[in-house]
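Protein chains: 2
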Amino acid sequence: MITNQLLHPASIVVVGASNNVHKPGGAILRNLLQGGYAGELRAVNPKETTIQGVPAVPSLDLLPETELAVLAIPAAACPDTVEALAARGTKAFIILSAGFGEETPEGGVLEQRILQSCNRYGAALIGPNCIGLLNRWHHSVFTQPIPMLRADGVDLISSSGATAVFILESAIAKGLQFNSVWSVGNATQIGVEDVLQYMDEHFDAEKDSRIKLIYVESIKDPDRMLYHSASLIKKGCRIAAIKAGSSESGSRAASSHTGAIASSDAAVEALFRKAGIVRCYSREELSTVGCVLTLPELRGRNFAIITHAGGPGVMLTDALSKGGLNVPKLDGVVADELKAKLFPGASVSNPIDILATGTPEQLAMALDFCEERFDNIDAVMAIFGTPGLVTMFDTYEVLHQKMLMARKPIFPVLPSLQTAGKEVEDFIKKGHVNFSDEVTLGTALSRIMNVPRPATNEIELFGVDIPRIRRIIDAIPTSGYVAPQFVQELLSSAGIPLVEEFVSDKKEEVLAFAARTGFPVVAKVVGPVHKSDVGGVVLNIKGKEHLAFEFDRLMKIADARAVLVQPMLKGTELFIGAKYEERFGHVVLCGLGGIFVEVLKDVSSGLAPLSYEEAYSMIRSLRAYKIIRGTRGQAGVNEAKFAEIIVRLSTLLRFATEIKEMDINPLLATERQITAVDARIRIEKG
Amino acid sequence: MITNQLLHPASIVVVGASNNVHKPGGAILRNLLQGGYAGELRAVNPKETTIQGVPAVPSLDLLPETELAVLAIPAAACPDTVEALAARGTKAFIILSAGFGEETPEGGVLEQRILQSCNRYGAALIGPNCIGLLNRWHHSVFTQPIPMLRADGVDLISSSGATAVFILESAIAKGLQFNSVWSVGNATQIGVEDVLQYMDEHFDAEKDSRIKLIYVESIKDPDRMLYHSASLIKKGCRIAAIKAGSSESGSRAASSHTGAIASSDAAVEALFRKAGIVRCYSREELSTVGCVLTLPELRGRNFAIITHAGGPGVMLTDALSKGGLNVPKLDGVVADELKAKLFPGASVSNPIDILATGTPEQLAMALDFCEERFDNIDAVMAIFGTPGLVTMFDTYEVLHQKMLMARKPIFPVLPSLQTAGKEVEDFIKKGHVNFSDEVTLGTALSRIMNVPRPATNEIELFGVDIPRIRRIIDAIPTSGYVAPQFVQELLSSAGIPLVEEFVSDKKEEVLAFAARTGFPVVAKVVGPVHKSDVGGVVLNIKGKEHLAFEFDRLMKIADARAVLVQPMLKGTELFIGAKYEERFGHVVLCGLGGIFVEVLKDVSSGLAPLSYEEAYSMIRSLRAYKIIRGTRGQAGVNEAKFAEIIVRLSTLLRFATEIKEMDINPLLATERQITAVDARIRIEKG
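These protein sequence lines are chains A and G, in that order.
Going letter by letter, the first sequence gives residues 1375 to 2060 in the numbering used here.
Going letter by letter, the second sequence gives residues 1375 to 2060 in the numbering used here.
Keep in mind that the hints were calculated from the coordinates and are not lab data.
Treat the hints with care, as some may be off.
Intra- or inter-copy, both count: the list cannot distinguish identical chains.
Unchecked claim - Derived lysine-lysine pairs resembling DSSO-like cross-links, with alpha carbons at most 30 angstroms apart: (1) 1715 / 2000; (2) 1944 / 1880; (3) 1953 / 1594; (4) 1975 / 1713; (5) 1880 / 1548; (6) 2059 / 1594; (7) 1776 / 1803; (8) 1594 / 1796; (9) 1696 / 1880; (10) 1905 / 1803; (11) 1803 / 1916; (12) 1696 / 1548; (13) 2000 / 1421; (14) 1804 / 1581; (15) 2034 / 1696; (16) 1696 / 1397; (17) 1608 / 1696; (18) 1715 / 1975; (19) 1696 / 2000; (20) 2059 / 1776; (21) 1944 / 1975; (22) 1776 / 1804; (23) 1953 / 1696; (24) 1953 / 1796; (25) 1975 / 1696.
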């Protein structure tokens, strides 16, 4: 539970405070003092009466009631200390010490004792095994660097303290400012999800920061992460996150790091899609995305690039194009008017190259044209470094002034960190961020622009027959793969069109069915799970005698119980699958069938229940989406129907959590209709 | 022509030298002086007798004979100055001034006059419109920053001066050192290709730098770039390059920048593949790749990560895995032995996490284990930043010492640029590079590891019948699409198996052919180019009557001249195409047929003539390569045959340069055989 005493304590005690700033207990006190903490600061130290000028007491019982306690003492001493202080009214604890559950089982026991004390007395607990908590009121971290802080700065929440420190290193170099930094350590009481929940439930549109950056290795409570992330984003926040451990080896690395079981990556992708979180893969990317989010929101995908150096403009244009963003050609009378104001040889066709000799006044002019005159421009990239002949103060002052006034975002790309180091520093001190590499910026922008809005929370029923679904599930006798008739009934209850089919172990019945629906038909063995591998699927059976022959053959396959016949349909193969992931719920996958799923692994994922918008986002993020859309000479498939079936299936799953695994493979799709041809469902009954 | 006087002048004159270091003529003199130029330095200035302490003369005729002249005077004055100095023995010119062909046609005339003077007198010319040339002997650039220089540093060659400056900014921050920096400006005489040629032809394995970084917007002479890049790489060099303007908008940006026509990107990809050049897309990436190349060569793909902070190790593991590199699990007795030497809670399973409290001695131990004991490790990543409690000098000294001794490369990742700025600076001063972001490093490494070796120069004939090819080409009457019988003969001369086929406008002949080869057959209209679009292709014709019917129908299509019949084959569809690109020669494309080429654009490219190794590299860089290789339940195709056909086709093209465009689409491939089913060839006769 996050208490007000954690965020805004009137008094803080550092237990284990030290005069040695090379120890955590000394460094945190120094940071609190240097951070200008305005409340009452106290220290506990057995030997000294003052520590770094702060009054110290030798034991806890001599300490006045204190709102927040920071513990920098050996792990073994922590439980008693917490109990004693909590009993005397301390409502917040930050425990820096390591040596708990992350190291040994005995450490885990200590951790539990601390948690019990905190919970009993209603106290907040950050850590143990963390760097602490830093906000504008108190710098309760023992680490450096300390970023510049401001109310509309970024909130950083990290499950790894060292990673938070290194993210700050990368962010500070770019001028990114912070509102708070949370290191949750072992997250014994307060984890990343709790911080998000608190920020969401206490969100103040007037005062609160709107940008959240997250580093997390294991998502312990996906539901809460999803709910509060989406909620914050709907309130106007933006969230970017690294979920590390996405590869198999990375997961191993992550679990050795935190002792947590890594989440499946498809589930993470699905959760981020649903919440509208920008996914990042490196500190560099996260801090760059953070910088982009501090600028005014982008209203469109068309960029102007203003520069005095051609090369970076070319590379940036390439990067934006690759990410689906545009650098539209500028021409016509307005462009000519601008060109006339620049030196001979300057180019305005976009990039706008005002030449190495271009003046600050010309930069101002070009910026004004982009802001006011070029209607097809949504944002401006200004790339201005220096070969060192003159200082850049004038140029950067123009940028500064225009950035204050412009409605369209202006992205400053100032590459000369060595040669114009002072000028860049001065620019950053005015509160700006800087992107020193244009391509890194372009890539970050594409990532942000391609994230969908968060999904709605409502489950869309569309006539999915929930009571009938429950009746069918209840009627299924045992766990395991479900018999074909139940599969058929479940899909039908969800309104998912399934090809008509018939199952029997009697040849005459099978032949009669085929005669009624008409040839060609498909015949499949019922019983074995991997039918294709045992020769249990026969396509394109064109007549009665052929069917009779195949019936006999199929029934001789090991485990064969019956034969299924269905009319043979044509169309593009699609695939929908779902898997129940512990803690995440049902992850729904979609893709084109056949080699696209099996060989190319071209699938995208979403978390049930899914909205239409999410289903469309899933379909459109397939690499092979062009095939679904159709191209010259090749008809596409009915995308709306595909989305509908995905939504319907996700609703079915939401009300049939016994389903642990299922796939519909293939569905056959034409421009008009999509029909499920084969489906498997595995349930687990409690 | 690159002269010795350009590289190692005994005397240099700055024409237009100035006491004002905010002007190019002042800045370059300062750089020469600060660079400790040991030859004789002179200046030309109408008003002063000394400039920055350097003796100055007011006019050219008072100047003693000087080997290298640097011109920082208005464009209009340059031609006469060059002529006068060249006539008096100056053998090298660097012209900084702009205002030439890049701005106006009149400027282009000035440029030509300069070129003529230089060529007539055998003088080298760098520029105009450049920042100059910097090497260990003379710093003839007017820009900053000046990097640290050493004989085995990097050679940078850039077609954009400002981009070179910004690449230096990014490289210096990483500790990358240089041997030379070439800015070729308008490349009136000496372009990027000339510099490469010189470096190749004068390569001294004992003395020369082995790493070349290139920034280029237009490849003017692809043949020379290819030849000398490949040759240098075969001599033990590594080359990485940015070719900017790869997107359509980027090309527009590039051409407005340099006035050069951008090369097609597939051709660039093909050239880089053939030469073995590492392709980069940003300054950040180029400088990171440059840093990687300064380390000992990687002998394998298995990495150990040693760190005291889990998070970055996890992200790096993800990045390496994504790029096809491994972070193998470490276990067994050796791992246990290491674990016993570390603190409780440390992990050795890889990443090796020695914990935040880990000591420099433990780092040394872990490095020793990776160097000597872990046989399945090829290289080590050491991620060591700091939360600021203690300095990092000891830790980095351990890294430094181990890097001097180790045979396996050790990649230092030191993220704390703010907090341990001094320590990192100290480490870099010892001659090391630093990778501040682990994921950027992982991505750069993957890029390097996935570049093929340069191709051999030999054309592999394999019985391709060149005289017969020439006879066929000569027999083709006109330019345009070639008649089917010629297509058949050309492919047959190259030994490319083509499905047997027969063309006639007589129904009886067509029926007789089909009766001989057997049904089913395919029938196609001959005449229209886009046959499918006009319903001119009929598959799977199973009998005589059906064929007769389709013959009549096909002959009624507009422009129909005849009907082609061929047996209907089965297999996986493949595609091979080729296009003649001005200056590059034939670019050969390959891929899977159908939607893979037409919709997904999954093709890779190579430059004719192709070796087997290149053909394999092309095939294996297809996103859909897994389908060619085959997977569980699905047979692959005969990859060796596919490579052979690509090689044979490329040889055919090399001797039939009249072919401007062609494709074989589809080829039908099984595990055993690949047969071309349809092909189109367009020739242009001179």
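To see whether the hints hold, each was checked on the structure:
no.	hint	verdict
1	1715 / 2000	neither (44 angstroms within a copy, 56 angstroms between copies)
2	1944 / 1880	within (27 angstroms within a copy, 35 angstroms between copies)
3	1953 / 1594	within (18 angstroms within a copy, 54 angstroms between copies)
4	1975 / 1713	neither (50 angstroms within a copy, 38 angstroms between copies)
5	1880 / 1548	neither (74 angstroms within a copy, 76 angstroms between copies)
6	2059 / 1594	within (25 angstroms within a copy, 70 angstroms between copies)
7	1776 / 1803	within (16 angstroms within a copy, 40 angstroms between copies)
8	1594 / 1796	neither (44 angstroms within a copy, 39 angstroms between copies)
9	1696 / 1880	neither (58 angstroms within a copy, 52 angstroms between copies)
10	1905 / 1803	neither (67 angstroms within a copy, 66 angstroms between copies)
11	1803 / 1916	neither (78 angstroms within a copy, 79 angstroms between copies)
12	1696 / 1548	both (24 angstroms within a copy, 27 angstroms between copies)
13	2000 / 1421	neither (73 angstroms within a copy, 69 angstroms between copies)
14	1804 / 1581	within (21 angstroms within a copy, 49 angstroms between copies)
15	2034 / 1696	between (38 angstroms within a copy, 29 angstroms between copies)
16	1696 / 1397	neither (48 angstroms within a copy, 39 angstroms between copies)
17	1608 / 1696	within (29 angstroms within a copy, 33 angstroms between copies)
18	1715 / 1975	neither (54 angstroms within a copy, 43 angstroms between copies)
19	1696 / 2000	both (16 angstroms within a copy, 25 angstroms between copies)
20	2059 / 1776	neither (64 angstroms within a copy, 58 angstroms between copies)
21	1944 / 1975	both (23 angstroms within a copy, 25 angstroms between copies)
22	1776 / 1804	within (13 angstroms within a copy, 43 angstroms between copies)
23	1953 / 1696	between (33 angstroms within a copy, 24 angstroms between copies)
24	1953 / 1796	neither (55 angstroms within a copy, 51 angstroms between copies)
25	1975 / 1696	both (22 angstroms within a copy, 14 angstroms between copies)
Hint violations for this structure: numbers 1, 4, 5, 8, 9, 10, 11, 13, 16, 18, 20, 24, all remaining hints satisfied.
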